[in-house]
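Number of protein chains: 6
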Amino acid sequence: MSGFHENEGIIVIAATNRLDTLDEALLRPGRFDRHIEIGLPDVKGRYEILKLHSSNKPLANNVSLMELAQQTVYFSGAKLENLMNEAAILAAKRNSGKIEKADIERAFYTVIAGAEKKDRSTIADIDRRITAIHEAGHALITKLIAPENIVSRITIIPSTKGAGGFSMNIPPDRMYFKKVDMENSIRIALAGRAAEEIIFGEENITTGASNDIERATEILLNMVRRFGMKQQTGLLNYDVLYRNGIRQVQNEWIEECKKTMDKLYSEVKEKLLEKKELLEAIATRLLEVETIGENELNELIEQYKKKSENAA
Amino acid sequence: MSGFHENEGIIVIAATNRLDTLDEALLRPGRFDRHIEIGLPDVKGRYEILKLHSSNKPLANNVSLMELAQQTVYFSGAKLENLMNEAAILAAKRNSGKIEKADIERAFYTVIAGAEKKDRSTIADIDRRITAIHEAGHALITKLIAPENIVSRITIIPSTKGAGGFSMNIPPDRMYFKKVDMENSIRIALAGRAAEEIIFGEENITTGASNDIERATEILLNMVRRFGMKQQTGLLNYDVLYRNGIRQVQNEWIEECKKTMDKLYSEVKEKLLEKKELLEAIATRLLEVETIGENELNELIEQYKKKSENAA
Amino acid sequence: MSGFHENEGIIVIAATNRLDTLDEALLRPGRFDRHIEIGLPDVKGRYEILKLHSSNKPLANNVSLMELAQQTVYFSGAKLENLMNEAAILAAKRNSGKIEKADIERAFYTVIAGAEKKDRSTIADIDRRITAIHEAGHALITKLIAPENIVSRITIIPSTKGAGGFSMNIPPDRMYFKKVDMENSIRIALAGRAAEEIIFGEENITTGASNDIERATEILLNMVRRFGMKQQTGLLNYDVLYRNGIRQVQNEWIEECKKTMDKLYSEVKEKLLEKKELLEAIATRLLEVETIGENELNELIEQYKKKSENAA
Amino acid sequence: MSGFHENEGIIVIAATNRLDTLDEALLRPGRFDRHIEIGLPDVKGRYEILKLHSSNKPLANNVSLMELAQQTVYFSGAKLENLMNEAAILAAKRNSGKIEKADIERAFYTVIAGAEKKDRSTIADIDRRITAIHEAGHALITKLIAPENIVSRITIIPSTKGAGGFSMNIPPDRMYFKKVDMENSIRIALAGRAAEEIIFGEENITTGASNDIERATEILLNMVRRFGMKQQTGLLNYDVLYRNGIRQVQNEWIEECKKTMDKLYSEVKEKLLEKKELLEAIATRLLEVETIGENELNELIEQYKKKSENAA
Amino acid sequence: MSGFHENEGIIVIAATNRLDTLDEALLRPGRFDRHIEIGLPDVKGRYEILKLHSSNKPLANNVSLMELAQQTVYFSGAKLENLMNEAAILAAKRNSGKIEKADIERAFYTVIAGAEKKDRSTIADIDRRITAIHEAGHALITKLIAPENIVSRITIIPSTKGAGGFSMNIPPDRMYFKKVDMENSIRIALAGRAAEEIIFGEENITTGASNDIERATEILLNMVRRFGMKQQTGLLNYDVLYRNGIRQVQNEWIEECKKTMDKLYSEVKEKLLEKKELLEAIATRLLEVETIGENELNELIEQYKKKSENAA
Amino acid sequence: MSGFHENEGIIVIAATNRLDTLDEALLRPGRFDRHIEIGLPDVKGRYEILKLHSSNKPLANNVSLMELAQQTVYFSGAKLENLMNEAAILAAKRNSGKIEKADIERAFYTVIAGAEKKDRSTIADIDRRITAIHEAGHALITKLIAPENIVSRITIIPSTKGAGGFSMNIPPDRMYFKKVDMENSIRIALAGRAAEEIIFGEENITTGASNDIERATEILLNMVRRFGMKQQTGLLNYDVLYRNGIRQVQNEWIEECKKTMDKLYSEVKEKLLEKKELLEAIATRLLEVETIGENELNELIEQYKKKSENAA
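Residue numbers (my numbering), protein chains in the order written: chain A, 1 to 312; chain B, 1 to 312; chain C, 1 to 312; chain D, 1 to 312; chain E, 1 to 312; chain F, 1 to 312.
Keep in mind that the hints were calculated from the coordinates and are not lab data. Incorrect hints may have been included.
[Stated by the list, open to error] Cross-link-like lysine-lysine pairs, in silico, DSS-like; alpha carbons within 25 Å at most:
1) B/Lys276 x A/Lys258
2) B/Lys143 x B/Lys51
3) B/Lys230 x A/Lys258
4) A/Lys44 x D/Lys117
5) E/Lys230 x C/Lys259
6) B/Lys44 x A/Lys161
7) E/Lys263 x E/Lys276
8) C/Lys161 x B/Lys258
9) C/Lys258 x B/Lys118
10) F/Lys276 x F/Lys306
11) A/Lys117 x B/Lys44
12) C/Lys51 x B/Lys118
13) F/Lys118 x D/Lys51
14) B/Lys258 x C/Lys263
15) F/Lys161 x D/Lys79
16) A/Lys259 x D/Lys230
17) E/Lys117 x F/Lys161
18) C/Lys117 x E/Lys44
19) C/Lys230 x B/Lys230
20) E/Lys117 x F/Lys44
21) E/Lys259 x F/Lys230
22) F/Lys276 x D/Lys51
Note that this is a predicted model, so its numbers are computed, not measured.
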């Protein structure tokens with residue numbers, strides 16, 4: 001690949017998803033002259049990609065690809081293609097020649113959370129109630145601490161991907177994450193467990209928070225290891241230390257992570273406890289209709305506000 | 001697998017049991033468009049599967065597949081198929097053209113615990129007595145702390161899978177496990193050893209609790225590592241830490257696990273000690289008839305209650 | 001291996017000695033329908049196996065296969081076959097058409113400890129004396145603390161398997177080991193070293209206890225790691241912890257093992273010291289006749305008892 | 001490869017980028033007689049290389065290859081070739097037969113930071129402002145503590161290599177790095193984060209400093225591990241220790257690195273805080289024109305100085 | 001290799017030097033029926049082996065194979081064959097048809113220590129003197145603490161195997177090693193360094209003790225890890241712990257080894273210091289004649305004794 | 001390779017550079033009968049090798065191979081061959097039919113340090129001055145603490161092997177290294193850095209000491225790990241411990257190494273500080289003439305002595 005000038009007519013193109021594992025020699029100038037990093041598309045890019053993948057699929061008039069582009073923050077091109085394919089399948093199942101807005105909406109959640117479980121008659125009441133409280137916790141805390149995020153869908157319908165329910169959370173489309181954004185993401189992740197504890201008591205917290213805890217730990221670890229966002233651990237990149245064989249971490253280090261998590265959890269629990277009635281109201285509504293959207297959620301919050309004001 | 005639109009007539013289907021070990025790139029949208037996670041079947045699913053696998057096997061009138069579906073919580077499809085095959089073999093051995101309820105029952109325990117050892121004449125009396133006390137411990141504690149579980153069979157017949165005896169324990173069919181459920185599972189696992197200690201003394205506890213301790217440790221570890229259910233270790237996912245090279249665990253951490261186990265064990269021992277007479281009664285019955293079921297167990301408990309009330 | 005129903009005429013049988021290393025997927029229902037764990041045979045099983053492997057070998061009248069079955073606790077089928085083959089070779093060497101009881105006895109010890117070293121003229125006197133004291137220690141402590149075990153042979157004849165001598169120890173045929181049994185096994189293992197220290201002094205303890213210490217450590221480790229038999233380390237299965245990456249063991253943990261070993265060793269030393277005269281008597285007899293059996297050992301103990309009583 | 005004298009007409013030439021991973025035996029005298037280490041070219045070498053790679057590319061009169069050689073400190077030969085190719089492509093895109101100075105300048109930044117993102121209309125205002133403050137921080141601190149470095153370009157145009165912006169920093173062409181140079185490199189790396197904290201507050205520091213922290217950690221680690229530049233860790237080469245299996249690092253060691261980083265960060269923050277107005281002025285200018293060069297940066301600094309003096 | 005009875009005419013023989021690394025399944029009864037461990041030959045065995053390997057080599061009358069057998073403690077059969085071959089080569093070099101006693105003696109040391117370096121004219125005087133003192137240290141301490149060992153040869157002639165000199169040390173032919181024997185082996189190993197320190201001072205100790213320290217460490221480690229000979233570390237087999245993943249060793253543990261080594265070294269230094277004059281006398285003799293044997297060593301010691309007595 | 005006596009006409013010869021990694025079985029007697037370790041040649045050996053490799057190369061009269069043999073301490077045979085080849089190339093470049101003394105001298109330094117960089121016009125003055133001070137430090141400390149070493153060449157001409165300069169240091173030709181020799185080697189290695197600190201201040205120490213620190217660490221580690229030359233770490237061979245899985249090193253251990261290095265560095269700094277004027281004089285001379293030899297170095301030292309005496 002090196003040292004010959006005569007093969008000028010030949011262009012070698014290569015792609016990789018694991019830049020970090022390539023032999024450095026391959027990346028040096030003189031091997032592949034031009035490196036093009038393809039990041040996630042921005043809103044314009046998403047619009048173009050959606051247009052491309054719906055070029056051979058007739059869309060109903062109520063479908064706005066630009067609107068869809070705005071709702072699909074952090075989707076890759078392939079995920080967008082997947083979304084349009086899924087919508088087309090749903091339209092075909094309806095024996096319809098056109099993709100309706102409703103097809104796209106359903107496809108949207110299928111892509112993210114998996115298809116809905118059809119028959120829910122065998123789910124125990126207690127499991128449905130746990131799910132409702134848990135998802136209400138995620139949704140409510142989002143509205144309380146990160147109102148710029150869109151909670152477009154809360155559901156207690158189990159998915160084929162294994163989740164008992166689901167609370168959709170779309171953050172604004174940004175280049176950077178702030179420290180407070182990352183802490184809020186942790187708080188939102190922990191809110192399901194916090195809601196369970198408030199309503200059912202500490203002895204009855206469930207395994208349902210497993211993915212939430214995993215996600216919260218990952219975010220916290222990134223804050224510590226790569227972003228220098230925790231005073232205790234300072235401005236070191238711990239991956240660099242690790243690559244250099246320094247794998248000994250101070251006990252206080254883990255202890256500090258645990259404390260941070262406990263602190264964020266306590267804040268969330270306190271916030272939800274103040275709005276316990278509203279939390280239950282959202283859960284109750286979920287048990288009635290299984291799925292609610294941004295608008296209904298806001299309505300429930302408004303009703304609660306008015307009621308509180310009247311009570312005061 | 002990527003980048004060509006022309007192979008539209010071809011559908012690639014792949015299945016895996018080890019999602020966690022696949023190259024992430026395989027899982028991204030654009031590779032396999034639709035991911036379907038096949039979890040354990042619910043009661044309806046189990047019923048359908050049982051029906052499928054008995055379609056070519058004539059069933060006696062006393063067999064109710066729906067009832068069987070209710071008793072086979074957390075069975076996979078393959079395990080259900082295995083159960084029906086085993087029952088068919090037993091019927092064939094009886095030279096019977098029909099699968100009877102008794103065939104299914106025996107098959108049920110064979111699938112779970114292995115086939116029964118035929119000749120028990122060479123088992124030492126002390127070994128039989130240890131098994132009886134040990135299994136009585138498991139069964140009795142279940143009735144005392146988790147009465148919603150079904151103890152459908154207690155036996156001191158050794159199995160070809162190596163167990164000296166067996167105490168069947170069917171929990172309710174749920175989506176989530178509560179903290180208290182997990183602690184009760186640990187308590188039930190430890191009850192065999194506790195019963196041994198109560199009856200034979202600390203010096204005579206045996207190796208028979210080996211699998212119980214393994215299982216109890218696994219449950220406790222899950223509570224700590226993935227479910228954030230122990231205050232001491234907090235809301236961190238320790239697998240995430242581990243994957244990131246943080247493998248140093250505080251000594252206090254292990255110490256805490258040990259203390260929890262000791263505490264749960266003490267509770268179990270105390271509870272069984274209060275019912276020592278009943279424990280012995282169950283064991284005595286087991287030594288007489290080798291196997292007892294849910295009903296007989298409940299009867300023994302009732303008899304004991306009446307006797308206690310009369311005595312009081 | 002999965003998913004096809006049509007190959008119904010084909011039966012796949014597989015065997016393994018390392019169940020723990022198989023891919024779990026192979027073991028799931030639907031792959032190999034029936035799993036049969038073949039444990040060690042019980043006394044009846046051993047009798048049947050012995051009968052099978054002597055079917056083509058004429059046995060003398062003084063051979064009782066049932067008696068032999070009783071003496072071969074924890075022998076596998078292959079080991080039993082090996083035993084009968086070895087006896088047949090010995091009979092053949094004698095140019096005898098029949099296997100005598102003596103052939104089987106010699107074969108028995110060959111199978112366990114290896115063949116005897118023929119020419120012992122070059123062994124130093126001090127080495128013979130060390131062996132005699134060491135083996136007398138093993139044998140005497142067995143009689144003192146675990147009289148239910150059979151010490152069928154004590155010898156100072158070196159074997160081709162490298163041992164300087166050998167003290168046969170047959171425990172009763174049981175399903176479970178008690179804590180006290182395991183501690184006694186450790187005590188018996190340590191008694192060789194203890195006898196050396198008593199007779200020759202601490203500076204002259206030898207490398208001859210190497211295998212004993214290895215065995216004692218293995219038993220103690222099992223008590224701690226898998227059987228929850230040590231208060232200090234509690235009811236955790238440490239292999240589960242280890243498999244989950246928790247490989248940090250508290251220093252106190254090792255310290256505790258060391259203390260336990262020291263305590264058991266002290267007990268053994270004290271017990272042997274009380275019977276020092278008897279210990280020497282057994283060793284003296286071994287130096288005279290090289291090998292003694294259960295009966296002669298009991299006789300020496302009886303003689304000592306009488307002498308002690310007379311002295312008192 | 002060894003031991004034969006007769007193959008005198010054959011010359012074996014080999015090249016490697018990973019001298020450290022070769023079998024030492026290959027490197028010993030008698031194998032490859034002459035080892036030639038090809039380091040980075042000095043200014044004359046760079047001039048010759050640039051001349052070679054522009055021999056078949058017509059250059060406009062305003063292009064000075066010697067000047068370019070002076071600006072490309074630490075470029076390898078291949079990187080220089082890459083630079084000329086990139087410039088030729090840009091000229092071709094302009095449909096120009098000659099490479100202009102502007103082509104080379106754009107190529108220069110493309111080679112280092114990647115191509116510019118064309119459409120910037122979708123970038124959120126807050127993200128643009130964060131980038132401007134962050135890059136202004138890097139540029140300003142360079143002028144304050146290492147005025148011998150050239151800051152030839154500051155930009156808030158995102159690149160296709162993933163950066164939000166870019167601040168070019170050319171150090172003088174030297175054989176050695178001093179301790180103070182390395183500390184200044186760390187200070188410059190940390191200045192982006194420091195600027196963010198000053199302007200937006202500690203809660204709003206962002207993930208944008210990720211690469212900076214990685215780079216700062218790498219420099220600090222080199223100071224400690226290979227260059228003996230930290231009193232606390234002394235004059236040991238820790239890679240030698242590591243290769244010899246000594247992988248235990250004192251907790252105080254990591255603690256010390258953290259403290260050093262904190263100290264350098266505090267110094268930077270203090271320095272920028274004193275010039276907060278100037279920092280904002282540079283950022284404001286960046287928001288207006290997206291990219292500024294060395295001259296404009298110096299002008300902004302001069303204006304600020306005069307204003308300060310007038311104010312005083 | 002298992003399960004077929006029909007291949008009765010075939011005998012499979014296998015040999016291994018690494019029993020510990022074989023799959024255990026291979027070793028189980030039923031696979032290889034008979035295991036024969038071939039240890040080192042005893043004196044009779046060595047005599048027979050020597051006879052075999054000299055059957056086609058004419059021996060001079062002054063050669064006694066039985067005597068040679070007595071001097072070759074712990075030689076394997078192959079090493080004995082090697083010895084006879086080496087002697088035959090030496091005889092052939094002498095153009096002699098018969099192997100003389102002198103050939104065997106020289107062969108003996110060649111086999112153990114390597115061939116002598118022919119031209120010693122370029123060795124620095126200081127190096128010769130260091131070797132002489134060092135070897136005298138080994139030899140003298142042997143006579144002082146382990147007089148049962150034979151010091152058949154002390155030499156300051158460097159060998160082709162890299163040693164500067166050599167002090168032959170033949171222990172008695174025993175089955176077991178006592179604790180005191182092992183400590184004496186350590187003391188003998190450390191005596192070279194101790195002699196250097198006494199004569200040249202602590203600043204001038206040399207790298208010449210490298211192999212001695214390695215050997216001493218190995219013996220000490222065996223005492224600790226496998227033979228339970230150190231109170232501090234007790235009766236545990238640390239290899240068993242290690243195989244079970246317990247790799248954490250207490251700092252005190254290493255500290256204790258260091259202390260033991262220091263203690264043994266101090267004892268040796270003290271003992272040699274008392275006999276410093278004799279040490280120098282042996283070294284002086286070595287510098288004169290390069291090599292001395294058991295008899296001359298004993299004579300030097302006797303002379304010293306008489307002189308001391310006269311002086312007293 | 002074993003067990004057959006009939007292949008007597010065949011001789012198998014094998015060579016290895018990695019004796020430590022061979023399967024031990026290969027090395028046992030009976031496999032390869034004779035092991036010949038080929039160490040580095042002594043002065044006579046070097047003379048013979050040089051003669052061999054110049055047999056087909058005409059030497060000028062001013063070339064003395066014996067002298068060259070004396071100067072090439074610790075050169076292997078291959079390195080000597082390499083040296084003669086390099087000299088022949090240099091002679092050929094001069095179009096000379098004979099190898100002159102000057103060719104050999106240049107070849108000598110090329111073999112050790114790499115070829116000289118031809119064009120030095122682009123080296124910054126500060127870099128030249130740093131090199132001069134650094135190399136003067138190495139050379140001066142050698143003369144002060146190890147006058148038996150020959151400093152045959154000090155140069156500030158960069159080499160193609162990457163060094164900025166070079167200070168040749170030939171120790172006497174010995175079999176053993178003393179503790180004080182090893183400490184002096186560390187002191188000489190650290191003197192470059194010490195000189196930098198004295199002249200330019202602590203903030204301006206450079207990366208130029210990187211290889212020196214690596215070498216010093218390697219020597220210190222050998223003193224500790226294999227040669228038992230540090231009281232703190234005692235007479236243990238730490239490689240033996242390591243091979244046996246004991247990889248935990250006490251923190252005090254590393255701390256002690258660091259302290260030793262600091263102590264040796266302080267001594268060096270103090271010694272150079274006393275002779276600061278002389279240090280600068282040597283550096284100044286180097287800046288003037290680029291390269292000086294043993295004689296000129298000694299002259300500079302003499303001049304300084306006289307001046308100091310006059311001043312006093």
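Evaluated hints:
For the hint pairing B/Lys276 with A/Lys258, the CA-to-CA distance comes to about 42 Å; that exceeds 25 Å, so the pair is violated. Taking the CA atoms of B/Lys143 and B/Lys51, the gap is near 32 Å; set against the 25 Å cutoff, the hint is violated. Restraint check: the Cα-Cα separation between B/Lys230 and A/Lys258 comes to about 12 Å, which is no more than 25 Å; the hinted pair holds. The straight-line distance between the Cα atoms of A/Lys44 and D/Lys117 is roughly 13 Å, inside the 25 Å bound, and the hint therefore holds.
Between E/Lys230 and C/Lys259, the direct Cα distance comes to roughly 13 Å. Compliance with the 25 Å bound is thereby established for this hinted pair. For the proposed pair B/Lys44 and A/Lys161, the alpha carbon gap of about 19 Å is at most 25 Å, so the pair holds. For a cut-off of 25 Å, the pair hint linking E/Lys263 to E/Lys276 stands: about 20 Å separates their Cα positions. About 42 Å separates the Cα atoms of C/Lys161 and B/Lys258, which puts this hinted pair outside 25 Å; it is violated.
In summary, the hint linking C/Lys258 to B/Lys118 is not supported, as the alpha carbons are separated by about 44 Å, beyond the 25 Å threshold. Note on F/Lys276 and F/Lys306: the hinted pairing holds, with a Cα-Cα distance of about 15 Å set against a maximum of 25 Å. Note on A/Lys117 and B/Lys44: the hinted pairing holds, with a Cα-Cα distance of about 13 Å set against a maximum of 25 Å. The hinted pair formed by C/Lys51 and B/Lys118 meets the criterion: a straight-line CA distance of about 20 Å does not exceed 25 Å.
Our distance criterion of 25 Å between C-alpha atoms is met by F/Lys118 and D/Lys51, whose separation comes to about 20 Å. Between B/Lys258 and C/Lys263 the CA atoms are separated by roughly 23 Å; this keeps the pair inside 25 Å, and the hint holds. For the suggested pair F/Lys161 and D/Lys79, the alpha carbons sit about 22 Å apart, so the restraint of at most 25 Å is met. For the hint pairing A/Lys259 with D/Lys230, the CA-to-CA distance comes to about 32 Å; that exceeds 25 Å, so the pair is violated.
Taking the CA atoms of E/Lys117 and F/Lys161, the gap is about 37 Å. The hint is violated against a cut of 25 Å. In summary, the hint linking C/Lys117 to E/Lys44 is supported, as the alpha carbons are separated by about 13 Å, within the 25 Å threshold. Annotation: proposed proximity of C/Lys230 to B/Lys230 holds, straight-line Cα distance about 24 Å (limit 25 Å). About 13 Å separates the Cα atoms of E/Lys117 and F/Lys44, which keeps this hinted pair within 25 Å; it holds.
Taken as a hint, the E/Lys259 and F/Lys230 pair is honoured in the structure, with Cα atoms around 13 Å apart against an allowance of 25 Å. Proximity of F/Lys276 to D/Lys51 is assessed by CA-CA distance (about 46 Å); at most 25 Å being required, the pair is judged violated.
Checked against the numbered hints given earlier, this structure breaks hints 1, 2, 8, 9, 16, 17 and 22; the rest are met.
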